[in-house]
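Residue strings, one per chain:
Protein chains: 2
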Amino acid sequence: MPPFPSAVVIREVGLRDGLQSIQTILSTQQKIEWIAAAHAAGQREIEVGSFVPARLLPQLADTAELVAYAKTLPDLRVSVLVPNLKGAERAIDSRADLMLVPLSASHAHSLANLRKTPDEVVAEVARMRAARDAAGSQTLIEGGIGTAFGCTIQGAVDQSEVLRCMQALLDAGADRVSIADTVGYASPAAVRDLFEKARRIAGERFWCGHFHDTRGLALANVYAALGTGVARFDATLAGIGGCPHAPGASGNASSEDLAFMLADMGIDTGIDIEQLLALRARVAQWLPNETLRGTLWLAGLPKTFQQRAIQTAIA
Amino acid sequence: MPPFPSAVVIREVGLRDGLQSIQTILSTQQKIEWIAAAHAAGQREIEVGSFVPARLLPQLADTAELVAYAKTLPDLRVSVLVPNLKGAERAIDSRADLMLVPLSASHAHSLANLRKTPDEVVAEVARMRAARDAAGSQTLIEGGIGTAFGCTIQGAVDQSEVLRCMQALLDAGADRVSIADTVGYASPAAVRDLFEKARRIAGERFWCGHFHDTRGLALANVYAALGTGVARFDATLAGIGGCPHAPGASGNASSEDLAFMLADMGIDTGIDIEQLLALRARVAQWLPNETLRGTLWLAGLPKTFQQRAIQTAIA
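Protein chains in written order, with my numbering: chain A, 16 to 330; chain B, 16 to 330.
None of these hints come from the bench; they were simulated from the model. Incorrect hints may have been included.
[Claimed, not checked] Facing chain B, a subset of chain A residues (Cβ under 10 Å, in silico):
id: 1; residue: 57
id: 2; residue: 84
id: 3; residue: 135
id: 4; residue: 171
id: 5; residue: 231
id: 6; residue: 281
id: 7; residue: 316
Virtual Cβ for every residue (Gly too), placed ideally from N, Cα, C.
I would like the entire structure built from these sequences, with the hints used as guidance.
Following this line, the structure appears as C-alpha cells:
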C-alpha cells in the first residue's frame, strides 16, 4: 500500500447528485448561498448542476446561472454533468471548468438510465472533444464510469468491462476518468483491486472516486481507495442523494463525515469542518421533508479534536 | 499491508453491549432464542451477558442462565463481561469460555465508568488470574482496553498509555488483550497505527477489535484493522448499543453489515447472512421502541451476490 496522499479534494456534488434525487426544489438563491458557503468553508470543487433538458430535471434548470455565479469565486473548480453533446455545448458556452459525462459500465443500467450503450457514450465523448477543441474551450472532459461494481438491474459488472470502458474513454479524448459506485455495490477489497488496475491504465488522469452508502461502506471504500493514490472523492452535504434505478439505495458519502475522517487521518482537504457543519444545518432547514444522512452533525467533533492548519488549497 | 486474514470471527456482543444500553428488557426466553438463532446462522462466539450486580444492570441479571444454555450448543465460544473479582468468580463458576475485563485507557472515563484507575484494574486482573488458576478453570481472561482512541470526558488518549496498559494486562496474566473504541473516536489511520503497535506487543494474544459507529467509521476502522492481521471483531445485531458516558454516541458496528463487508471481500466468517438478517427482523420486533441501525437490512444483499461456501468455523 503506498502512503496516503497528503491532500485530498472533496468534490461537492450535492447540488447535482443530491438535488436530482429528492423532491424538494431549492431556489436559485438558496443554491447560490450553498455554493458561497461551501466555498467559504474551503471547498474548492463543486458540481453545481447538470445540463439536461429542464423538463427532465426541473430542479436543475438553473445550472447555467449557477455556473456563472460560481465562476466569480476565486480558486473554485466549477463542474457540471452533461449527458450528451447538446449538454456539452451548453457547458462549453457556460465556461464551466469541467464537464462530467456519465457512462454506465452495466449495459442494462446504461440502457435504462442513459438510453445508450457504453460504446455509444464513448462515441459521444469523441464528438464532445471535437466540439470542445473546435471552440478553443478550456473545459475539461471527465468520463465518469458508473455502476462500476454492479447494479440493481444486472447485478455484478465485470471488472474487465469497466477497464475496457476506461481505456475507450481515454482513447476518445476524455481528459479525466473516474469510477462511481452508483448504487452502493462496492466493498473495500473490490475498490482496492479495481482502483489499482485503473491507476495502471490511466495514471494521473484517473481523477475521482464516487461512493454511495447503501450498505454502510462509503467511507470504508474511500479509505481503501486512498491506498491506491486516488486523491479526489465526490460527496454530498448531509449525504443526500440516491439513484432512481436503485430501490432502497441510500445517499452519497457525506461530505462532512468524509472531511472529518480525512482530517483525523492528517490529510489536508482545505475544509473547515465547523463551517461545513454550519452549512449542513442551514441546508437541513431548507429540506425539512427529505431524508438527510451522516453522523458527524449529531455526534459532533471529538473533544480535543484539533484540525491541523489548513494548507494551501489543492489545484 | 499484510494480506487480509482468510477467516474472521464476528463476536456477537449485542446481548451485552447492546442490551445494557437500551431501555427494553428482553426476557430470558427471548435471549435464548437470539443465541440459538445466532448460533444456527453460524456465529461461533457470543458474549451473552455481564456478571455485574443485578441492581446495576437488571436487564443482564440472567447471565448465568444464558451461559448454561449457550454451553449446550456445539462449537460456540461463550463470553461474558466481568467488572471485578466477584464477577470473575461467577464467570468461573458458570464455566464461561472467556471473561472480558474492561479497562479504560482514559483515566477520566475509568474513574467515571469503572470507579477504578487503569492500574487498579490491572491489579484486579492479577487476582482474577490467581482465582482462575486456583480453581483449575479453563475460562480465558481477556483484558479489553476501552476508550483507546479518546473519550468524551478527557478527549484524546495517548497511544503510549494504551500500549502501557496492554503490556501491564499481559504481565498481570491476561490470556488475551483487545482494543475498543468505546465511544467512537477512532479513524482508520489511527486504528492502523495503534493496532500495528499492539500486534508487536501482544502478537497472537491481541485478540479483538471493538468499534462504535458514532461518526460513521466503524466499518472503515475494521477494514483498517484487518490490514494489521487482527481477525476478530465485536459487533452487535442491528448495531444496537452505545455508552452511557458518550452523549450522542451511536451504536456498535452492525453484525450483519460487517458480515456482508467481509463476505464480499472473500473473507470467511462462517455466517449465513440471510439467516442473520432474518434474526435481525425477529429481534427488531422485540425492540419496537429502540433505535436500530445498520444498512443491509434495508438495502438487501446485492443482486447476484453469492456468498462463497462457508468454511469450517474458526476456532
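Results for each hint:
Violation of the interface hint for residue 57(A) is found here, the shortest Cβ-Cβ separation to chain B being roughly 19 Å, above the 10 Å cut-off. Hint status for residue 84(A) relative to chain B: violated, with the closest Cβ pair at about 31 Å, above 10 Å. Annotation: residue 135(A) was flagged as interfacial toward chain B, and the flag is violated, the nearest CB pair being 24 Å apart, outside 10 Å. Interface hint status for residue 171(A): upheld, as the beta-carbon distance to the closest one in chain B is roughly 5 Å, under 10 Å.
Because the beta carbon of residue 231(A) sits about 4 Å from the nearest beta carbon in chain B, less than 10 Å, this interface hint is met. Interface hint at residue 281(A): satisfied, since its Cβ lies 7 Å from the closest Cβ of chain B, which is below the 10 Å cut-off. A least Cβ separation of about 9 Å between residue 316(A) and chain B falls short of the 10 Å threshold, and the interface hint therefore holds.
Hint compliance for this structure: hints 1, 2 and 3 are broken, all remaining hints hold.
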